[in-house]
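**Q** Keeping the supplied structure of chain A fixed, place chain B upon it in accordance with the hints.
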Amino acid sequence: MNFQFDSFASFMTMNGHGPFVWAAYGITFVVLVYLLVSPLLQRRQFLRQQARQQRAANRSV
Amino acid sequence: MAWQWFHRLGSPRWFYEKTQAWLPWLTVITLTLLIVGTVWGLAFAPVDAKQGNSYRIIYIHVPAAFLALAGYYIMAISGAIGLIWKMKLPYMVMKSAAPIGAALTFISLVTGSIWGKPTWGTWWEWDARITSMLILFFLYLGIMALQQAFHSRDTGDKAGAILALVGTVNIPIIYKSVDWWYTLHQPASIKFVGESTIHASMLYPLLTMVIAFYCFYALVLLLYTRAEILRRESRTQWVNDLVAQATRPDNKDMPIKGGSAV
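Protein chains in written order, with my numbering: chain A, 1 to 61; chain B, 1 to 262.
Chain A on its own, in the form it takes in the complex:
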């Protein structure tokens, strides 16, 4: 198994197919990162919101 390109430059251009390949991988990467981050942000937002409510409830007692 070998590196299939002569140079880093030819790895980027991929004989003219570079823009297509890199665009496809780039868009996929962005969507996957979004999928991974958004539930973590949801969780954090929930914890903050609930903590605020708990403190408000404790104060009013």
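Calculated from the structure, these hints are not laboratory results.
On a predicted model such as this, the values are computed, not experimentally measured, just so you know.
C-beta atoms are modelled at their ideal positions from N, C-alpha and C, and glycine is treated no differently.
Incorrect hints may have been included.
To be verified - Chain B is nowhere near these chain A residues, computed Cβ spacing over 10 Å in every case: (1) 6; (2) 7; (3) 59.
As the list claims (entries may be wrong) - Quick list of simulated restraints, FRET-style, between CB atoms: (4) B:241 - A:36: 23 to 31 Å; (5) B:238 - A:58: 16 to 24 Å; (6) B:19 - A:45: 32 to 40 Å; (7) B:36 - A:41: 47 to 55 Å.
**A** Using the frame of chain A, we list chain B on its own:
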């Protein structure tokens, strides 16, 4: 007694606590496989004799399409379990599976479109496979919208589950579309029965990426479902305790003011 595991599986709290320990492992496995598969497919797999380097899109296009379909099964089966046994957890899984499935269908449509330009000379064609995948995308969006459209969460869950079950008609159509209406999209290269029409040097990185996407799907589905469990169980004591624990001022993982750790 024999059904105890089934009822426990329906308990959001049990699920939340049980899956906690899986997350670090699953994250490590997923990231490793994704990196190995991507580097392998982009740089080390041989160039395709007919398509040149554009074929390298296969290493994300096919895994994303696999999971777009497998994710639909997971969503529809969860919905069916929710409808039949009236359990809470399956509906939360169903709700979580919809945006993930939509995102993966989006990836397979967009990467397919980008792949189509240098290969077929067009960004888009109303080919049977492409059209049925577009319908799948709208089904996912429709289920998400329908579930939110009711004042009562129960009604929304049931309506979403019924639409998900009706939509399963589309799945065998997607699978068979390349054989029934053979126009543009090529037939499957990987076959479970009989010889695959793809060389081992290209098949192994592809299989790596398929497994990586399955792991990624499992990880993200767990994360979405866990966030949904917290929201829906927010009135219960165990979630209150969890919130108090996670947001204690001395807990570095979850500072209330500022900070970025999750």
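**Q** Work down the list of hints and note, for each, if the structure agrees.
**A** We went through each hint and held it up to the structure:
With a closest Cβ-Cβ approach of about 12 Å to chain B, residue 6 of chain A is found to remain outside the 10 Å limit, as its non-interface label requires. Non-interface status of residue 7 of chain A relative to chain B is upheld: no Cβ of that chain comes within 10 Å, the nearest being about 12 Å off. Look at residue 59 of chain A: its CB is around 15 Å from the nearest CB on chain B, clear of 10 Å, so calling it non-interface holds up. A hinted range of 23 to 31 Å holds for the C-beta pair residue 241 of chain B and residue 36 of chain A, which are about 27 Å apart.
The supplied range of 16 to 24 Å is met by residue 238 of chain B and residue 58 of chain A, whose beta-carbon atoms lie about 18 Å from each other. For the hinted restraint 32 to 40 Å between residue 19 of chain B and residue 45 of chain A, the CB-CB distance of approximately 20 Å leaves it violated. Taken as a hint, the range 47 to 55 Å is violated for the pair residue 36 of chain B and residue 41 of chain A, whose Cβ atoms sit roughly 28 Å apart.
Checked against the numbered hints given earlier, this structure breaks hints 6 and 7; the rest are met.
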